[in-house]
Amino acid sequence: MLGSFLNKWLSQRSVPSNRGALGEGIAERFLVRERTMRFVARNWRNPRDRREEIDLVMRAGEVLVFVEVKTRSSKALVPGFYAVNGKKRKILRRGIRAYLRGLKSPPWTYRFDVVEISWPSKGEESEPGVRHFTNVALPGRK
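With our numbering, the residue at position 105 of the sequence shown is 105, and numbering never jumps.
A couple of the hints might just be wrong.
Claimed, not checked - Mimicking DSSO-like on lysine-lysine, the simulated pairs with C-alpha atoms at most 30 Å apart in a straight line are: (1) Lys104 with Lys90; (2) Lys75 with Lys87; (3) Lys122 with Lys104; (4) Lys104 with Lys88; (5) Lys122 with Lys75; (6) Lys87 with Lys104; (7) Lys88 with Lys75.
Claimed, not checked - Estimated spans, in silico, between C-beta atoms of each pair: (8) Arg33 with Val136: 14 to 24 Å; (9) Ser126 with Phe81: 17 to 27 Å; (10) Lys75 with Ser105: 40 to 50 Å; (11) Leu77 with Val40: 27 to 37 Å.
Calculated from the structure, these hints are not laboratory results. Think of the CB as a built atom: it goes at the ideal place given N, C-alpha and C, for glycine as much as any other residue.
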């Protein structure tokens, strides 16, 4: 009984299994086209701790922008922005510090953004929705 429920539920999912990569591509195109940012890196990982991953690194003028991309179904109970919880922010903060330490000349300013991609549900004839949250706080030690 439970197996048939899971099979039915999984078959009704409208988001492809590689939705994270697709969402990152959509977010990158959005930031380049709509926010006139320049692409720097994608899926950067700290060589010392592979858990510390930054989805996108972009440039907005002189500002280096670290971007976390969250892709969700349009009917998801928890929006992508709220999925970047305290634990995730702590990991991101460490990853950003590691990235900055690796630069020969770090920028004067940087910020952290979240891009939320909401994937249309099965049967919806629309494009994925994009919400961009700029300058999101990463509280904690500096």
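Tested hints:
Annotation: proposed proximity of Lys104 to Lys90 holds, straight-line Cα distance about 24 Å (limit 30 Å). Distance hint between Lys75 and Lys87 is fulfilled; the C-alpha atoms sit about 24 Å from each other, no more than 30 Å. The straight-line distance between the Cα atoms of Lys122 and Lys104 is roughly 47 Å, outside the 30 Å bound, and the hint therefore fails. Distance hint between Lys104 and Lys88 is fulfilled; the C-alpha atoms sit about 27 Å from each other, no more than 30 Å.
Only pairs whose Cα atoms come within 30 Å are accepted, and Lys122 paired with Lys75 is accepted, the gap being roughly 10 Å. Of the supplied pair hints, the one linking Lys87 and Lys104 holds, its CA atoms being roughly 29 Å apart against a limit of 30 Å. Simply put, Lys88 and Lys75 have alpha-carbon atoms about 22 Å apart, close enough for the 30 Å limit, and the pair holds. Between Arg33 and Val136 the beta carbon distance is about 21 Å. The supplied range of 14 to 24 Å therefore holds.
Between Ser126 and Phe81 the CB atoms are about 20 Å apart, so this pair conforms to the stated range of 17 to 27 Å. Range check, Lys75 to Ser105: about 45 Å between beta-carbon atoms, so the 40 to 50 Å window is met. Judged by the Cβ atoms, the range 27 to 37 Å given for Leu77 and Val40 holds: they are separated by roughly 33 Å.
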